[in-house]
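J.: Under the working numbering, residue 1323 is the last one in the sequence shown; the count climbs by one each step, no gaps.
Mixed in with the good hints there might be a few duds.
Claimed, not checked - Derived DEER-like restraints, expressed as beta-carbon distance ranges:
1. Asn1104 to Gly1315: 37 to 45 Å
2. Asp1279 to Lys1099: 26 to 34 Å
3. Ala1124 to Lys1274: 15 to 23 Å
4. Glu1119 to Asn1198: 31 to 39 Å
5. Ser1290 to Ser1102: 44 to 52 Å
Stated by the list, open to error - Below are the DSSO-like pairs computed for lysine-lysine, each with C-alpha atoms no more than 30 Å apart in a straight line:
6. Lys1127 to Lys1301
7. Lys1291 to Lys1323
8. Lys1291 to Lys1274
9. Lys1144 to Lys1318
10. Lys1262 to Lys1291
11. Lys1271 to Lys1301
12. Lys1099 to Lys1127
13. Lys1270 to Lys1300
14. Lys1189 to Lys1301
15. Lys1191 to Lys1274
16. Lys1323 to Lys1311
Keep in mind that the hints were calculated from the coordinates and are not lab data.
Fair warning: this is a prediction, and the values are worked out from it, not measured in the lab.
Beta carbons: idealized from backbone N, C-alpha and C, even for Gly.
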Amino acid sequence: MLRTKLYLKKVIYNVISSDIINLKMIKSIMYLCLLLIYSATFGQSKMRSINKLISKEDPAWPLVQEWILAAKNKVEVLPVDNKQAQDALFKTQVTTRSPMGAIVYMTGGILIDDGWIRILGSGSERLNRSLPDWNKGKAFDDFGNLSPYLLIADDAIGGFYLLNGGGLGEDLGMVYYWAPDNLEFEQLGLTYTEFLSFCLNHDLNDFYKELRWRDWKKDLKNLNADSMYSFYPFLWSKEGKDINKSKKTIVSVEEQYKLNAGFRKQFFGK
């Protein structure tokens, strides 16, 4: 699948021109970037208490709710467990003034397009992975450690979305797509907030193109948010370019992540 610069400009234009973007969103974007810079610089400093992470004066959740209500794509907000939410927020060390902190603290996760995309929150019965717990052992060794990136979402076909904390390039705070059809970290040119708008409003058929097979909607019903479809021949192989001819197997997200990471290390050395 080809995701060209022209396409990215189109996405960014659609996000910026949307009436969802306002001054408060811009503040949130800037605030998140500052938090990422803080994390990259002081990643192993003393972790802030939960009380310092919960903002009562300027929480981002009401704004995120507005975006969800206005979404063009199907959205399901998973129920939150208060104890899990506090634990996840503390481990993430992002305040609820940011959209990321709001989603971690106020949701068990968010499912887009019947679960095709899964945005990580604090975890729930149907998405049994919190953002910080899923990243431990992958993006960092322990909570509070320096994080070169964060895994923030994934999809039904073995793709992962990463937020750059400095380990993927100089574009700190920008989202990358770890594509299953080439195993490369592709720059999307989107901040976390813009990525949310992309998930909520963009034509996902346009983005995924060749990666949606004929009966994908029917097959998606057999999948939960902690599993993915694994394809053979592999989507990145010459023989796997026609997804309709590939054999599909349901595997855990953990298993697919390790498979992708193993092949990426083999091909790219990292």
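J.: Looking back at the hints listed earlier, which ones does the structure fail to meet?
T.: 12
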